[in-house]
Each structure stands twice: as C-alpha cells, then as structure tokens.
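**Q** All chains should be modelled from the sequences, with the hints used to inform the complete structure.
Mapped onto my numbering, the consecutive letters of the sequence shown carry residue numbers 102 to 704.
Simulated from the structure, these hints should not be mistaken for laboratory data.
Incorrect hints may appear among the rest.
Unchecked claim - Each computed SDA-like pair below joins lysine to any residue, with the alpha-carbon atoms no more than 20 Å apart:
#, residue 1, residue 2
1, K570, V585
2, K473, N487
3, K435, K420
4, K510, T526
5, K264, T440
6, K399, K420
7, K473, F488
8, K510, N524
9, K510, K570
10, K435, A496
11, K699, G616
12, K399, T418
13, K570, C598
14, K193, P139
15, K398, A378
16, K398, Y553
17, K193, T218
18, K399, T526
19, K587, F367
20, K341, N203
21, K264, T474
22, K510, E577
As the list claims (entries may be wrong) - Label-pair distances were calculated between CB atoms; the ranges are:
#, residue 1, residue 2, range
23, E446, E352, 50 to 58 Å
24, G688, K435, 34 to 42 Å
25, T572, P408, 50 to 58 Å
26, V458, K648, 36 to 44 Å
27, A638, E268, 55 to 63 Å
28, A608, T460, 26 to 34 Å
29, N586, E268, 42 to 50 Å
30, N639, N409, 43 to 51 Å
31, S165, A208, 48 to 56 Å
32, S165, T299, 48 to 56 Å
33, N586, P546, 15 to 23 Å
34, T421, D382, 17 to 25 Å
35, F465, N639, 25 to 33 Å
Note that the structure is a prediction, hence the values are computed from the model and not measured.
Think of the CB as a built atom: it goes at the ideal place given N, C-alpha and C, for glycine as much as any other residue.
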Amino acid sequence: MKKILKFSLLLLTILMVSCEEENELTITPRTDFTLNNPQIGTVIINSNYDEASEALRLTWEDFSNTSGDYTLQMSNDDEFANMTDIASVSEKNYTITFNDLNTGLVALGINGLTSNTLYLRISKDTATTNWISFKILSTTIPVAAPQLLTPTTGDSFILETDKQDDEIATVSWSYTNESSKSITFSIEAALAGTNFATIVSGGIVEDATSISWTTLQLNDLALSAGLIIEESGDLDIRIKASFIDGSNTVEVYSNTNTISVTPVDFALPPALYVVGAGAVDAGWGWTSPVELLLQGKKWSGNIKLTPNNGGNFRFFTDKTLEWASPSYNFPYFKDRGYTIDSNFEDAMDGDNNFLFVGTEGEYFIEIDTDAKTITLGPPVVGPNCNFDQLWVVGAGAVDAGWNWNSPIKISCTGTGVYQGNINLTNDAFRFFTTKDDWGSGRNHPFYANDGYTIDSDLEDALDGDNNFKFTGTPGEYGLTIDTVNKTIELGPKISLCDLDQLWLVGAGVPDAGWGWATPVSLPCTGAGVYSGQVTFANDAFRFFTEKDNWSSGLNHPHYVGEGYTIDANFEDALDGDNNFRFIGTPGTFTLTVDTVNKTITLN
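**A** This is the structure in structure tokens:
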C-alpha cells in the first residue's frame, strides 16, 4: 500500500508540473490562402483536343475565414495588370477546360498559333492567393478564334440594281498568326437564328484578314441563303479559320454578327406599268396601264398626269400579274437615294404611292437608274431614244474611217430603236453616243455584257479597244440597234423617209396660216414615218413636200387615191384645192403620217 501511494503522489506531482508548463504555450490559428502548384510546365493543345476536356486541375487551401465565392483569374503578366476572370466557384478546386483557356486568351487579346506564359491565381473578396505560371503552346490549332470586326451587328444594306459592280461591304476580322502554318479563312452566312444549319459561302482567303463584297456578290449571298427579293431579311455572318494538321482538318469559328439585307433582281424589268388615279389614261385598273419601256437603264415614255381624284399612282413590273405584280412606290426610290421631281410626293396613303401635285397635262417621264433620278419634262414628239442618234467610226465603216470627218449617223427611229444604212468591209469599228467625242465609245463587250443578241457577222475584234469587227460579205446593209429588245441586227438596206419632213400650211393649222413665214414641220421619225405635235383649228390646211413651194402640195384626194386610211377628224374640205379640213375638237395632237402602212392618225 505504501508503495502504491508513493507512486500515485509522484504521478500527481508530474501531472501538476506538466499542466503548469502547458498553460504557458501560445496556439496561432491558420489564416493562409494558398494556391497549390500543380507542378505543370507546359500545356500543349493538339488537333484532337475536346473543348470540354481537362487542360489542368487546380486546388487551393483557404484558412482566411472570409466569406464568398472564389474567382479564378488569368493574366499574361505576374502583376495581373492585364487580367480576366475565368470562373467563379464555391469549392476549393476547379478543372480548367480547353474552352476556358480559349475564352481567357480571347479576353486577354492573345490570338493565333503562339507560345505564351500565363499566370493564374484565386481571389475572394479582397484577398488573393499566390500565382502559379505555366506555358501554353498551340502547335496545331488556334488557341483563340478569329474576331469578326465588320460588318457589325445592326448594319443594313439596301441593294440597288444599277450598282452591281460597286463595292458595298468589307468583311474584316482580327487574327494573329505567329506560327509557320498557313491558315484558310472562310466567310460563312446563314439565315439569322438558324445556328448555321444551311451555310452559304461568302468567300475564301488564305492568310488575310479581310475580303470585299460587291453589290452583286452580297445579293447572290442573300438570295442563296433564302432571303426574298425586295424584302429586308437578316443574315448571320461568321469566320471559320481552318488548316490541315497531318490527316486532320482543324477548324475554329469567330463570333457571329447579324446584318440586314434587302436583295434585288438585277434583270431590270423590260417595262414599268403605271396604274392609278394620277395617271389619267390608266386609273386604278388594268384595262389601259401606261407603259414605260426600258432603254438601257432608263424607263421612259409620255404620260398624262392629274392631281385630281386622289392624284396617286404606282409603278408595276408585270401587267400579266396585275395586282400581284411586284410594284415600286415612292419610298422604294427614295430609300435608294433617287432625286425625285418636285411634282411628285409621297401620297402617305396605305401603300405610300406617288402623288402628283403639279399641273394636269401631258409629260415625258424618265426613270434613270444610273443617275438615280425621276424627272418630268415636255412630252416627246415622235420616236423616243436616249440619244437622237448613234455614230459609227472605224475602218470597217467604209464611208467613215478612223476620224470624225464623216461619221455614219444611225438615227433614232422608234422607241429605243436606232436605224441606218452602212457600207461595211471586213475591219473594225465602234459606236459612239456623242459626235467628236472618243470617250463616248461603245464597243462589243459593252453590248454583249448587257445581254444583247448581236448579229453573227459582228464579232469582238479583240484589238486594244475590243471594237466590233465585220466578218460578213462586204457591202451596204441596214443596221438596227434595238435597245428595248436588246438586239443588233444587219439586214437589207432600210427604206427611210423620202424627205426630211413634210410641211403643213393653212388656217386649220393656226401656228402656220396660209403663208410660208411659219409653216409647221412634220419631221421624219422612222422608216417612212413622219410624226410631230400639231395644233389644229376647225379649218382647212394642206401638206407640202417642199418649203416655199405651193406646187408641192398634197391634198386630201392625193392620199385617198394612194389608199391611205385617214383619221376621222379629217375630211375633204371640198374647196377649190380639195384641202384637208380638221373637224374634231380644236387642240394640240400628235399627227403621224405613215407612208409604209399608209395611215394618217391623230393621238
């Protein structure tokens, strides 16, 4: 018993001493916030990588006793001056995917096939861990996708038929390639919102960062993607970067921008049809629409306009479709930058038709798609062409040669039709719109590219100016250039008028009277056709073939005897000379004497 007690007392003493010593120790809690180094030197991306697959895994220790989520930060400098956030997590670990790396590199402005040192750290509230660094090396695939710069989202393109070869847009993107690999860039387009289910190519370039589109190219792109002519639609645009890595094709994509495009039909309608209350002879119906024929790139014709009964009208492209025809209203032309005659306004009705606000009467209207103008002028008497005549110069035109001493005149003889006789030999020549102006020439490609059917005896000379070359049997031919139906034809000599004009004299023609001081001229306007505006009163008059020559007169019985059909507004005056008498409502008319079809008509 004593021994046990001694041992117990000794143990108690030791415990007491031990407790006294332990009370003097200081315990410091951990407050460190540390990113563990994954011991990685280089991350290599190859062509078989998956965006969602693991690039590296991070873990960290946090004894900071602060609240909040953790933010993974990436930089390309150890001061984190240029920094981006990669992820926000609540756990103390995170797996960085290749997609995370791509996103971070794009945000840091690091593009292309390049080797870079990256720095990572974790932040929470105001605290940050130590950083770790590693190299990222892309030997076979772009780390960051190209960045599409232009066109930008929201850009709008209203295409115009007369600007098909003009540059309308530049597609540009940024990309830095520091490798030796050659990268191919493809511009891809699709209907907006379809996630590029059906892709249309907008061009392919190699090692470049831009490509230009003409109006025609963008139009083709829009129509191929599924947009509708004359209707605004949206397209998604992106850039695909690709190259070959061994047996693999590597592809990455840019951001997507969305643009608006209004495509057009580049084949201009051969005629426009005017329908509406403002067009007196048409009205709001399809019985008698006013026809404006296309000559080159101009629609034109005479039209009677009124501000009454609403004064509105619209242009249509296909009279066979009637109201279902595509139509052009006032905003259609205004939105395309046309300068529109001040006699026209937007009717501001349900269809935004044209509104005529001028003085009722007959006008000549011209819609010029090159100059982008709509103009009104005095009505045109006789044939209507863009030019009074065309001129032929060149060794192939025997009577002309390569000078302006004696060019061959090919006159306007009808609506958009030029005709004349020409002596041709096997050599070159060219058409000109203006006499003495070499710059006004129109060669073989000018007409061929505009869709003309050209006589087989007229070829491209393939000389420096691509002139016409006559390859047929030398001789005199009748030449017809039809700018409405787009044909150039050679045929037998054309029988034009025997006279330059007829003359009208008599009390029935008040501007002339019975004298030679102011006779009214009726010019030759076509093959055997004399036509012009004449003011008539209810009295007698006579035609004359020579000015100042009373004996050259042609009276009513002369034409009856030749088998002419004569307008009902004329009769035999039954006076001493059997002159013509006008018996209609006095006024100004277009008088036409057709010596081929043997008719005398008033319009």
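**Q** Regarding the pair K398 and Y553, is the alpha-carbon distance no greater than 20 Å?
**A** Within the cut-off at roughly 13 Å; holds.
**Q** Within a Cα-Cα threshold of 20 Å, do K699 and G616 meet the stated pairing?
**A** With a Cα-Cα distance of about 28 Å, the restraint between K699 and G616 is violated, given a limit of 20 Å.
**Q** Would you check the hint for K473 and N487, treating anything up to 20 Å between C-alpha atoms as holding?
**A** Holds, at roughly 15 Å.
**Q** Falls inside 36 to 44 Å, the C-beta gap from V458 to K648?
**A** Holds - the Cβ-Cβ distance for V458 and K648, about 43 Å, lies within 36 to 44 Å.
**Q** Given the hint that K510 pairs with K570, test it: the Cα-Cα distance must not exceed 20 Å.
**A** holds (18 Å)
**Q** Given the hinted pair K587 and F367, is their Cα-Cα distance within 20 Å?
**A** holds (16 Å)
**Q** If I claimed the Cβ atoms of N639 and N409 lie 43 to 51 Å apart, would that claim hold in this structure?
**A** violated (28 Å)
**Q** Straight-line Cα separation of K570 and V585 no greater than 20 Å?
**A** Outside the cut-off at roughly 23 Å; violated.
**Q** Determine whether the Cβ-Cβ distance between T421 and D382 falls within the hinted range of 17 to 25 Å.
**A** holds (19 Å)
**Q** Is it true that N586 and E268 lie within 42 to 50 Å of each other by Cβ?
**A** violated (32 Å)
**Q** Taking only the CA atoms, is the gap from K193 to P139 under or equal to 20 Å?
**A** Distance ~14 Å between K193 and P139 Cα, so the pair holds.
**Q** Below or equal to 20 Å on CA atoms is what counts here, so check K435 against A496.
**A** violated (46 Å)
Hint compliance for this structure: hints 1, 3, 10, 11, 13, 15, 17, 18, 29, 30, 31 are broken, all remaining hints hold.
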